[in-house]
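S.K.: The chain contents come next:
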Amino acid sequence: MALGRTYSVALVGLNGYIVEVEADIGQTLPAFVILGLPDASLNEAKERIRSAAQNSGIPLSRRKITANLIPASLPKRGSGFDLAIAMAVLLAANDVRPTGRKVFIAELGLDGRLRPVRGILPAVMAAVRAGYSEVVVARANVAEAELVPGAQVRGYATLARLAFDCGADPQDLALDFEPETEDSDHPESVTGPALAPDMCDVSGQAAARRALEVAAAGAHHLLLTGPPGAGKTMLAERLPGLLPDLGDTEAMEVTAIHSLCSLPSGSVQLLRRPPYENPHHTATAVAIIGGGSGLPRPGAASRAHRGVLFLDEAPEYDRGVLDALRQPLESGELVIHRSAGSAAYPARFQLVLAANPCPCGNATGKGVDCICTPTMRRRYQARMSGPLLDRVDIQLEVERVSLAGFGQPAAEEGTASIAERVRAARTRQLDRLLPFGLETNAQVPGRLLRGALRLDAPTTRILDYALERGVLTARGYDRVLRLAWTLADLSRHDVPDADDVGQALGLRQAAAVSP
Amino acid sequence: MRAKDVLGRRGEELAADFLQAHGMRIVERNWRCPEGEIDIVALDGDALVIAEVKTRKSLAYGHPFEAVGADKLARLHRLAAAWCHAQGLRMPLCRVDVIAVVDDGIGEPALEHLKGVG
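These protein sequences, in sequence, are chains A and B. According to my numbering, numbering within the first sequence proceeds without interruption in unit steps and concludes at 515. According to my numbering, numbering within the second sequence proceeds without interruption in unit steps and concludes at 1118.
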């Protein structure tokens, strides 16, 4: 029977499904047909496979080759199926031995070399989860595939080598073909600490530095309002440096997303540092949320998963774009539907918004230089909707640095020591919140704040007073409590005291635009 | 005669012998009409066989089968109908076969036969 069977993985978002590849050789005129909803790049596999096999010394059969990708209803895309189809066809022609439950994920070059593909990490994770632990990938993808615990990864440089190991007749094989290593062609990924900006570059701005530390410690979302040149961008860029390293599970999630987005350079390493995404304010909802034709791809919000999403000049964004962020802020996940299917991407990011106080940017302090009318100012601020700002715990006004602050030589505290305090605060939070299934203060629901974590009346007196006077809304009340807990964690109090609550209220109300 | 025609002629001879050896009866060779040419018309039991013979000296320019595309196949089916019409015959069973001959002029020529294509 001229039938070959191998396995590969189809990715729908970050979820992978085992795909069975059947190949049949029919006794009729030469042709090559791929069935099972292939997209354009997968359909081109025919030509790649024919040339690759020819140049590897194992030409494909001169008959009608039919490759079927099962399940047929699942849309499949990309070049990662090349190797699985090629092996199935060679199997059907009895050129190689059956390969059992091995999963093949690689693109073929015309000369018969195996090329890396993107999304190897989520694909291998899916394969191992489905019980197919033996994986064959291009050599440049081995390091990434080996990140998956339990995967038995084998990397090959050429189809000829793989065919030889699978029992092909070594006489015809082009075994001496050894492509030069590609790894050196690609620049090293910029995940290292080489570019990390340090907090000691920020002069003055004591209040903003404190707010940044609190935001990092409790994973609170942050809004910085201030005139141009006050250092909002500078501050936001330094937030990822304050965050603790990612845990094993988180690091895998983050690396999986970046494996999908990056070019298939094959140099993906486990990302231990929280990512930082800084889209331009002309970005569309699709660029931020994810989408695109066919199967949706992750956007900036998902690339910032477990890290920081910084929206500079937030009021300049389309209002629809900003409001589209409300759902992931709540659920930590984005489910995107398109014609070819729906994909779910995680998007649990820390949001940092920066805004000018008005279109001209000068309505700060007394605002004497401001040329905007009150209506213009109000309209500008209203572009960030109330429901969005409701989810931002810390709203801080950043002043221009005064000469006194700027003249100081670099005596400011550096990132390292602040990050140390943040890490300690995170540990305290985790000890307290783990019984409730939570990790950070920012996630604590109001029910819990006013229930199991309730503070006594003397501590919250200042808040109750603010609420009574109508200065603070009920939702704002909860947010101040969340911040108070983070402040207590930073100053190693078991429970927030009146001082922590007072400071928290200050962080909440500092911004002139607090809703 | 040019070299390629000599080769093609020889391939057709080989193919005709091959078909006869497999129990078919050759009815006509190189039948021409304005539409084109049929290499071999044969009878396989009750079935009329329109055979196209493709001959190559080597595989350097592809396999002979690869030279039979969709256009060629469609023409062969039209020629089959034209032949039946010209003979005033009605053949209920009619098929198109393709025979590939690879003959490097040194060793034994290799023949491959595909039945009922298209």
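Hints are not guaranteed to be accurate.
To be verified - Taking lysine-lysine and the DSS-like style, the derived pairs with C-alpha atoms no more than 27 angstroms apart in a straight line are:
| no. | chain 1 | residue 1 | chain 2 | residue 2 |
| --- | --- | --- | --- | --- |
| 1 | B | Lys-1072 | B | Lys-1004 |
| 2 | A | Lys-46 | B | Lys-1004 |
| 3 | A | Lys-366 | B | Lys-1057 |
| 4 | B | Lys-1057 | B | Lys-1072 |
| 5 | B | Lys-1072 | B | Lys-1115 |
| 6 | B | Lys-1115 | B | Lys-1057 |
| 7 | B | Lys-1115 | B | Lys-1004 |
| 8 | B | Lys-1004 | B | Lys-1057 |
| 9 | A | Lys-64 | A | Lys-46 |
| 10 | B | Lys-1057 | A | Lys-64 |
| 11 | A | Lys-366 | B | Lys-1072 |
| 12 | A | Lys-366 | B | Lys-1004 |
Simulated from the structure, these hints should not be mistaken for lab results.
S.K.: Tell me if the straight-line CA distance from Lys-366/A to Lys-1004/B falls inside 27 angstroms.
M.R.: violated, 96 angstroms
S.K.: Taking 27 angstroms as the top limit, are the C-alpha atoms of Lys-1115/B and Lys-1057/B close enough?
M.R.: Holds. Lys-1115/B to Lys-1057/B sits at ~23 angstroms (cutoff 27 angstroms).
S.K.: Checking one constraint from the list: CA of Lys-46/A to CA of Lys-1004/B, max 27 angstroms. Satisfied?
M.R.: violated, 31 angstroms
S.K.: Does the structure keep Lys-1072/B and Lys-1004/B at a Cα separation of 27 angstroms or less?
M.R.: It holds: about 19 angstroms lies between the C-alpha atoms, which stays within 27 angstroms.
S.K.: Given the hint that Lys-1115/B pairs with Lys-1004/B, does the C-alpha gap stay at or below 27 angstroms?
M.R.: holds, 25 angstroms
S.K.: Is the hinted pair Lys-366/A and Lys-1057/B satisfied, with a Cα-Cα distance of at most 27 angstroms?
M.R.: violated, 93 angstroms
S.K.: For a C-alpha distance cap of 27 angstroms, please report whether Lys-1072/B and Lys-1115/B respect it.
M.R.: Holds: Lys-1072/B and Lys-1115/B sit about 16 angstroms apart, inside 27 angstroms.
S.K.: Do the alpha carbons of Lys-366/A and Lys-1072/B lie within 27 angstroms of each other, as the hint requires?
M.R.: violated, 86 angstroms
S.K.: Holds or violated: are the alpha carbons of Lys-1057/B and Lys-64/A at most 27 angstroms from each other?
M.R.: OK: Lys-1057/B and Lys-64/A at ~23 angstroms, within 27 angstroms.
S.K.: Holds or violated: Lys-64/A with Lys-46/A, Cα cutoff 27 angstroms?
M.R.: Distance of about 12 angstroms is within 27 angstroms: holds.
S.K.: Regarding the pair Lys-1057/B and Lys-1072/B, is the alpha-carbon distance no greater than 27 angstroms?
M.R.: holds, 21 angstroms
S.K.: Taken at face value, is the distance from the CA of Lys-1057/B to the CA of Lys-1004/B at most 27 angstroms?
M.R.: holds, 9 angstroms
This entry does not satisfy hints 2, 3, 11 and 12, going by the numbered hints stated previously.
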